[in-house]
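**Student:** In case you want the letters, here they are:
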Amino acid sequence: MSRPAGIIDMCFAAPAGRLATKDVEAIWQSASAARTGVRERTVLDADADVITLAAEAGRGLGLLPGTVGAVFFGTQTSPYLSRSAAAILADMLGLAPEIFATDVQFSTKSGTAALAQAIAWVKAGLSDRALVIGADALCLHAAPGDPLEMTAGAGAVCALVGTGNVAARFEALGSTASDLADGFRLQGDDYLRTGGAGLAGSGLGDMRHMGGAWTALGDRLGGDARFDAIAVQQPDGRAAERVAKALKIDPALVSGGAVAPLLGDLGSASPLAALLLSLEGRQVGERVGLLSYGAGAGSDAMSFIVERPLDAGSVRRAIARRRLMDYATAVRREGRYRMHQHPLGVFE
Amino acid sequence: MTQMTTARPVVAGPARAWRTRAARYALTGSRCRQCHAYAFPPARRCAQCDGAPEPHVFSGQGRIVCLAEDHSPLAGHGGRSRRPFAMIALKEGPVLMAEIVDAEYEELSPDQDVEMVIRKWRPEQSGLPLYGFKFRVAS
Amino acid sequence: MAIEASIIGVGMARHGYRADQGWRDLIFEAGSRAIADAGIDRAAIEGGLVSVTCPEAFEQQNLGPLAAEELGLTGGSYAQVVGACAGGTMAFLHGVDMIRSGRSAYVIVMGVEKMSDVYSVSDALLSYPDQDFEAPAGFDYVDTMALMHARYMQKYAATAEQVAAFVRQDRWYAARNANAIDYRRPALSMDDIMGSGWASRPITRAECARGCDGASALVLARADAGHRRAIRVAGVAAATGPNAMGAKFGAWLGGEDIAEAVPTALAAERAYRAAGIDAADVDLAQVHDCFSVMGALHLEGLGIFPRGEAARAVAAGETAPGGHCPTNTDGGRIGLGHPTGATGISILCETATQLRGEAGERQIADARIGVAQSMGGNNALSAVAVLTGS
Chain S
1 MSRPAGIIDM CFAAPAGRLA TKDVEAIWQS ASAARTGVRE RTVLDADADV ITLAAEAGRG
61 LGLLPGTVGA VFFGTQTSPY LSRSAAAILA DMLGLAPEIF ATDVQFSTKS GTAALAQAIA
121 WVKAGLSDRA LVIGADALCL HAAPGDPLEM TAGAGAVCAL VGTGNVAARF EALGSTASDL
181 ADGFRLQGDD YLRTGGAGLA GSGLGDMRHM GGAWTALGDR LGGDARFDAI AVQQPDGRAA
241 ERVAKALKID PALVSGGAVA PLLGDLGSAS PLAALLLSLE GRQVGERVGL LSYGAGAGSD
301 AMSFIVERPL DAGSVRRAIA RRRLMDYATA VRREGRYRMH QHPLGVFE
Chain U
1001 MTQMTTARPV VAGPARAWRT RAARYALTGS RCRQCHAYAF PPARRCAQCD GAPEPHVFSG
1061 QGRIVCLAED HSPLAGHGGR SRRPFAMIAL KEGPVLMAEI VDAEYEELSP DQDVEMVIRK
1121 WRPEQSGLPL YGFKFRVAS
Chain Y
2001 MAIEASIIGV GMARHGYRAD QGWRDLIFEA GSRAIADAGI DRAAIEGGLV SVTCPEAFEQ
2061 QNLGPLAAEE LGLTGGSYAQ VVGACAGGTM AFLHGVDMIR SGRSAYVIVM GVEKMSDVYS
2121 VSDALLSYPD QDFEAPAGFD YVDTMALMHA RYMQKYAATA EQVAAFVRQD RWYAARNANA
2181 IDYRRPALSM DDIMGSGWAS RPITRAECAR GCDGASALVL ARADAGHRRA IRVAGVAAAT
2241 GPNAMGAKFG AWLGGEDIAE AVPTALAAER AYRAAGIDAA DVDLAQVHDC FSVMGALHLE
2301 GLGIFPRGEA ARAVAAGETA PGGHCPTNTD GGRIGLGHPT GATGISILCE TATQLRGEAG
2361 ERQIADARIG VAQSMGGNNA LSAVAVLTGS
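Residue numbers (our numbering), protein chains in the order written: chain S, 1 to 348; chain U, 1001 to 1139; chain Y, 2001 to 2390.
By construction, these hints were calculated from the structure, which means they are not laboratory data.
Remember, predicted model here, so these are calculated numbers, not experimental data.
Careful: at least some of the hints might be erroneous.
Stated by the list, open to error - Covered stretches of chain U, as calculated for chain S (at least 3 residues, CB under 8 Å):
id, stretch
1, 1087-1094
2, 1108-1121
3, 1127-1139
To be verified - Label-pair distances were calculated between CB atoms; the ranges are:
id, chain 1, residue 1, chain 2, residue 2, range
4, U, Q1048, Y, P2306, 26 to 32 Å
5, Y, T2159, S, A320, 34 to 40 Å
6, Y, D2281, U, E1115, 22 to 28 Å
7, U, G1127, S, A328, 43 to 49 Å
8, S, D311, U, V1057, 22 to 28 Å
9, Y, S2196, S, A34, 55 to 61 Å
10, U, S1109, S, P251, 45 to 51 Å
Claimed, not checked - Here are the computed lysine to any residue pairs in the SDA-like style, where the Cα-Cα straight-line distance is at most 25 Å:
id, chain 1, residue 1, chain 2, residue 2
11, U, K1091, Y, K2155
12, Y, K2155, U, D1111
13, U, K1091, Y, G2254
14, U, K1091, Y, D2132
15, S, K245, S, R208
16, S, K22, U, G1079
17, U, K1091, S, R317
18, U, K1091, Y, E2309
19, Y, K2155, U, G1093
20, U, K1091, Y, G2250
21, S, K22, U, S1081
22, U, K1091, Y, G2075
23, U, K1091, S, R321
24, Y, K2155, U, E1104
C-beta: ideal position from N, C-alpha, C; glycine also.
All chains should be built: construct the whole structure from the sequences, respecting the hints.
**Tutor:** Structure, rendered in structure tokens:
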């Protein structure tokens, strides 16, 4: 019998910069902003990346217990090809060097994949505590003019997972994965691509994999499992609703975790940010679901039983720390031009 | 999008800034074992009593002493056209110079409380970006 | 009887952007002029020092012997000196010691810089601010000194216009100095200065030194050698302080931090004592105005104006000809130009020229005691020399 395990605490971080989707639409004359359900997306600061976002979320958890034995850093937008984001973060949070650290990558479900691994880790008794990151900066990898440019934002969630004093006790996991090319980024290419609008719209990727994972989770839990809230992946502001409809879930259960309308597509941070919101103000004993999707393709479905509600103040503070900017400023912030290697302004 | 921006167009140099990472990542300074004086950056010998300091992680809470605003960014800092920066007195006493993020100059003033965040500094000659402390208005 | 040192020859290569000249051209120009001005056989020169801050600009180190070879001074003792922007005065200090110790009868000290060969002066000089926690965080000299400027205004209730008045003074003198970058340029109005755009607020672009090309040289001799037009080195001293900005807080007993130039005060005290003078005796001063506010800090460090009063005094005309202490009579770093390695010698060239009464249309009447000061780093090093005419 493995030990009960779950999430002890979570913290969210996102850049303060915001870009209105209608401004992107105005530049490229693409009339799709309204359809995304995203009003504004986050703009990554020039001096930020998924590691700095994760560090902000990690520092938000306060002093970390010495029993943290592992860091699972889930992201598909690490700035490094071989340097470990998890190792850098472990050092930033004072956990290095006696720590197991690894990067976890599976498109936008990198964060839930990291969470599943961390839960398995602590249940196996390899350490009492583990740190999980779900972070992405999709905005850096959205091609100018591509619909993704309107929605792609950046954000990070840091979760402390362990076997005691849990707020959300892990119950069960259902997952799916198959080789389906609905979204990918090639080596040497800066930009994410889809496998085509036809494939993306078919549901063969997202709906089929999420449906499969959700069914598998339901099977693990037994036929009559009832949920009080479900945190769903949000590539845009309408996605959770679409998933609920496709999976015959009450839309009221998914609406509490909405982050995309105000912050855009947070990638691997998206389902975990929704989970943090969904764990706030819950009654003890309630069941909260988590459903992620990563292009390429795969889905993780998990369920948790609330033992103590979490405070989602970090999400609200990040939303409130809003600095609206125009398209040109966002382009400069995100370093989207190839530039000279000398100062932009000199005083002499 | 990785951009190689260094002080001078040089052949990629060795990685060496990692030695100072504890101070950059977590404001690890020092505290004298004898007279308990704090120092940041960490002292190798206590400037007050010549005693032996030990590492001390600062809280990251501080207060603006005085302010300026950079309008001539160096290579590697061009993402912001202007960036406020300040002398910041840490709660523990030592004073340091740092950029202030998520705010414009006009919104800031001396005596304001600030807190540390980790952001990127310029890359070192190896091409690796350096991460280090910056500050923002305390939440 | 202790041996005293005198300046017997001065030479300068015009300061400015001299794209057609290499460092060897510049140092040859300045060095040759100094030797010719001294009126001695070059074979009499037994050694010397060369100051430079960014030899990376021309990818050449060990300038001592190379400059000696260029000037036909081979055989003596020559070396390169680095002391940031105070390096020239440090070379002078050690050159004076070569004379005073009896080691050498004639010594040449030189400084050179080729700033037009760097991508940007601010980047090229980045190895001088703190390299662990300041430069990599994006702060160059204009930034560190913008904070000194802000702190000075905060602490002493000086206005931005009072601090900026230094620029008008520099321009007035520079317009009358053929070696200056601003030679024959029109006077600046306060609106010109304040409206020139921020370099690093509160420093405007017009309040910045002009990093540029240039060279300067001095020939030193024993004071008892009996040279005409010799200028006596009455005192020279240097002092150091913390380089990192934060370290200046709490480093001094008098509540000084980044709004005071403490090493300048320490060096001045020693140099004045050696010369047997005090600040009130100084007839003219050259101070390190790499940015307008630094002129005020160093004037206060030299004791010429009380703490917190220099900017107001400059604005009131106290550093103009006929004022309390005419200052930066060559145009300073802002008007003459700032070839960083040469600057610490250029200020001595100007002081000697004034004390000789050879400064032409910018000549200060009855100048007998002149002080020259240069700063290296963020008040990490300050060197002060007291020269006296006959």
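**Student:** Now, for every hint given, state plainly whether the structure supports it.
**Tutor:** For each hint, the structure was consulted:
1. 1087-1094: Violated - the stretch 1087-1094 of chain U has 0 residues with a Cβ nearer than 8 Å to chain S, which falls short of three.
2. 1108-1121: Per the Cβ count (5), the hint holds.
3. 1127-1139: Contact hint for the stretch 1127-1139 of chain U vs chain S: holds, 5 residues under 8 Å.
4. Q1048/U - P2306/Y: 26 to 32 Å: 30 Å, holds
5. T2159/Y - A320/S: 34 to 40 Å: 37 Å, holds
6. D2281/Y - E1115/U: 22 to 28 Å: 52 Å, violated
7. G1127/U - A328/S: 43 to 49 Å: 28 Å Cβ-Cβ, so the 43 to 49 Å window is violated.
8. D311/S - V1057/U: 22 to 28 Å: 25 Å, holds
9. S2196/Y - A34/S: 55 to 61 Å: With Cβ atoms ~46 Å apart, the hint is violated.
10. S1109/U - P251/S: 45 to 51 Å: 47 Å, holds
11. K1091/U - K2155/Y: 21 Å, holds
12. K2155/Y - D1111/U: With a Cα-Cα distance of about 14 Å, the restraint between K2155/Y and D1111/U holds, given a limit of 25 Å.
13. K1091/U - G2254/Y: Measuring from Cα to Cα gives roughly 22 Å; hence the hint holds.
14. K1091/U - D2132/Y: Holds, because 22 Å separates the two Cα atoms, which is no more than 25 Å.
15. K245/S - R208/S: Holds - the C-alpha atoms of R208/S and K245/S are around 13 Å apart, at most 25 Å.
16. K22/S - G1079/U: Roughly 23 Å between the alpha carbons, so the hint for K22/S and G1079/U holds.
17. K1091/U - R317/S: Given that 25 Å is the threshold and the Cα spacing comes to 23 Å, the pair holds.
18. K1091/U - E2309/Y: Since the Cα atoms of K1091/U and E2309/Y sit roughly 32 Å apart, the hinted pair is violated (cutoff 25 Å).
19. K2155/Y - G1093/U: Given pair K2155/Y, G1093/U holds - Cα atoms ~19 Å apart, limit 25 Å.
20. K1091/U - G2250/Y: Answer holds: K1091/U to G2250/Y is near 14 Å, not above 25 Å.
21. K22/S - S1081/U: 24 Å, holds
22. K1091/U - G2075/Y: 59 Å, violated
23. K1091/U - R321/S: 24 Å, holds
24. K2155/Y - E1104/U: 23 Å, holds
The structure does not agree with the numbered hints 1, 6, 7, 9, 18 and 22 stated previously, though it agrees with the rest.
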